[in-house]
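A.B. asks: Given the coordinates of chain H, assemble chains X and L onto it according to the supplied hints.
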Amino acid sequence: MKADAGRFFEDFGLGEEIRHAVPRTLGEADAAIYTSLTGSRFPVNCAAPVARSIGLPGVPFDDLLVFHIVFGRTVPDISRNAIANLGYADGRFLAFVFPGDTLSATSTVIGLKETSNRQAGVVHVRTMGTNQRGEAVLDFVRWALVRKRSEGSRAPVPVVPDLPSSVSPARLHVPTGLDTKGYDTAASGSAYPWDDYAAGERIDHVDGMTIEESCHMTAARLYQNNAKVHFNQFAEASGRHGRRIVYGGHVISIARALSCNGLANAFRIAAINGGRHVNPCFAGDTIHAWSEVVEKLELPGRQDFGALRLRTVATRDRPCHDFPDKAPGGAPDPAVVLDLDYTVIMPRRLG
Amino acid sequence: MKADAGRFFEDFGLGEEIRHAVPRTLGEADAAIYTSLTGSRFPVNCAAPVARSIGLPGVPFDDLLVFHIVFGRTVPDISRNAIANLGYADGRFLAFVFPGDTLSATSTVIGLKETSNRQAGVVHVRTMGTNQRGEAVLDFVRWALVRKRSEGSRAPVPVVPDLPSSVSPARLHVPTGLDTKGYDTAASGSAYPWDDYAAGERIDHVDGMTIEESCHMTAARLYQNNAKVHFNQFAEASGRHGRRIVYGGHVISIARALSCNGLANAFRIAAINGGRHVNPCFAGDTIHAWSEVVEKLELPGRQDFGALRLRTVATRDRPCHDFPDKAPGGAPDPAVVLDLDYTVIMPRRLG
Amino acid sequence: MKADAGRFFEDFGLGEEIRHAVPRTLGEADAAIYTSLTGSRFPVNCAAPVARSIGLPGVPFDDLLVFHIVFGRTVPDISRNAIANLGYADGRFLAFVFPGDTLSATSTVIGLKETSNRQAGVVHVRTMGTNQRGEAVLDFVRWALVRKRSEGSRAPVPVVPDLPSSVSPARLHVPTGLDTKGYDTAASGSAYPWDDYAAGERIDHVDGMTIEESCHMTAARLYQNNAKVHFNQFAEASGRHGRRIVYGGHVISIARALSCNGLANAFRIAAINGGRHVNPCFAGDTIHAWSEVVEKLELPGRQDFGALRLRTVATRDRPCHDFPDKAPGGAPDPAVVLDLDYTVIMPRRLG
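In order, the protein sequences belong to chains H, X and L.
The C-terminal residue of the first sequence carries number 636 in the working numbering, and the numbering is unbroken.
The C-terminal residue of the second sequence carries number 636 in the working numbering, and the numbering is unbroken.
The C-terminal residue of the third sequence carries number 636 in the working numbering, and the numbering is unbroken.
Next comes chain H alone, as it looks inside the complex (with noise of 0.2 Å):
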């Protein structure tokens, strides 16, 4: 059959390696398209001068831009039959992207496991993106809930890799020729650099979004990000939920644009440690988030710039001044649609 209907959970093999289809050059309206879908204003990726300020060539994409974009990729090979994406872990953003780059992406199946039901199974795969001269960009774990083709086939001996919780100072890629001496904090309209941040400090973001589907499916397409889920409300009607599913990496990118109130110095994701998708979010929800600072981070060698480990929460019609979270008994607040654990890199401040 020409047309692909995608693999099912039978159809992976564990170390297999997929080279994704459709390698994707990112120009300047990949950013303005990403500006307009998301509002995000992290100064070094709204202004040439900013950027230059900390030795970069140019505006590079946002790093989540990047990540949908690797993501988009992988799925087709990967997801189109997933019933949902569980988690990531150990991600690392790597070179920057600059417009005229092209990137292509790489998964190897690292983990495989059936479900006890027998009609699905987790899916666990290392994915590698890289650009036009083969350098990685992104390097990150993700696993799915894949549908199985058959109850009856039979299933792989189960395998569920290792993670990291998170990843270690000493493995963030700080790109090379940065410098954030020149960074003023008076293009972000943040007073506060690295210094001003302490481990266990929370961060109401104010504001609140709502996602529209045309919202939704633009950035899903701008991605090649296809999975079934997000575009057909035909056969979503009668799905589980009746209706379409936000892609979660628009969640993602929705709540970092949020959180630019109140961490618009953390100029890069150096990191992805854990990630989840609580619960779905659906066209007409709103979204608000708050993050808590979990970790602070001395860079080896640097004293321009610090990291961050962040733990990042959304909420769909949930306003976060009380930080809404799990119960004392580890249920999550019902309200809660994403708890990603990252981690930014902020400048010091100057001697």
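The set of hints was computed from the structure by calculation and includes no laboratory data.
Don't take every hint at face value.
Same chains, same names: a pair is fine if it fits in one copy or spans any two.
Simulated crosslink set (BS3-like; lysine-lysine; CA at most 25 Å straight-line) [as the list claims (entries may be wrong)]: (1) 433 with 466; (2) 466 with 287; (3) 581 with 287; (4) 398 with 433; (5) 398 with 466; (6) 581 with 611.
C.D. replies: Below, chains X and L alone, put in the same frame as chain H:
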């Protein structure tokens, strides 16, 4: 009156040449927005290395984006008062269009025929799109049902042009410098070159895409297609359908984007042999599509690629696994919205 | 608190200068997205050959896109807690802006007056937008009704600036190098140069454009205008209107795009003399517009173009063939949403 209410049927003269206003310079951004509206993933239109691998200097615009931009030029003069776009024929895609090119359009009236109820008339025009060097990029015939200004006005001598049922292989344009020897099917995700398709073969493109008001309006605005029926809910609320009608070209684009799943190596549309918007399409409709290989065509003097004459049928709110089509008596399935007969170019398997 | 809740009325000091955050580098993509959001077709902003024909080095950004980008810089400091944008005056468009330019904005507080109910105050600011060379691109006054933090706080001495009713012809900026001798009206589709307009003339712009939630939010995000009322349906559901309010600037852009039908040769906005958002606008509203030529102005020392002072009135769900306006007593027609007094430059008929 300085504002233009558009031409009525009486305003067209047989043989008249109309030079359309507002030339348009296209940039990479137009391609990126097109991607975000359709999710299209044909690799020659996505990635500079793939475009260069077949001898092109860079990423060309999607053929249908070029079609819509040229079409958009003609709307203020031809179809602002159209009741419906009835059909297309004898369309040829000529020079590729690249970022920085400026497109203009000229149409010649080649057919006029009043309807029997005397309230409207069918106008046939042949439209030529050219770039800033005067090179033809697109040439096609379309016909529309255009309102008359007054029922009593005199009917012209009816003329209906004689149009070919398809563009013959000898008239298909092979862009200069094209060389598919470097084309790697890994870039498209489909292992099937031209050789693997057979006349009579049918392909269900599997996926569905729901159309939102804002998406089809954004598409039509990008093309500067200002036909009233797409934009004005206040007026359409009391119109024939009670709502805005999706620009038919957007449906063609969605169908073509869906067809990538099954026809991913069909990197260029060479001709539009004929096409009809069988039914109007509205926001909320989910488009599915299937295709049939009508003819398999060798191209004169070329061993590296061949052509397929295709028929792509798009439906609304109706999956296509069973290829919904005309009933034996000839009446189309009521779910069918588009029936497009066109010819694509595909790489052949290397000797 | 690291997240910024925005300034309240008490936070403004007369004479204070506010340097706004987040400079923005604009590219071709911003113009393309603007086209896709408005459908605007003024040829100088669409086609490089047309722009060059009047002496420009390339396609400049639409004046209103520049306005919205500069305005967007100011929102976090000026109007995040605004109840309403009350008006504009004394606005001048100065240097053209081209792809690659980076815009920054600075505002000076020139008026403060508490409302009689003591719950809010009117803040007047003069905002200057500059490019990366420090050249002024835009200069305008706006005033907004801004919430007070607490009702009991002391009111400042009331100051309301004295503003001109219009920008005089001598103060209109004629961009260097502009020469309309090469301007061909065939590019615009309108045969009418400046000479053909008369003071008192009224033009119905005929078409209507319905606004969708995702379209106005996408526009505001493109401008990085993060005023809360446009984005947060959860909060607005319990607000004054029960729903999100369309950014008034988007209504101005739609009205200007519609005005192309009747004013297609008005290739540049030179001044905003005054303007009011007479009523709020919501998703689902269909915008129509009409214009009146208020004054016909010669420009000092120029034979190749002249200026028209215009008043463009936009309505919602109300066609404009009969020019809906203020009642004799002065109360505006309830359908009117925008009343904008501005000055455009148009080519004159060649001698």
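A.B. asks: Against the structure, test the hints numbered earlier, and report the numbers of the ones violated in rising order.
C.D. replies: 1 and 5
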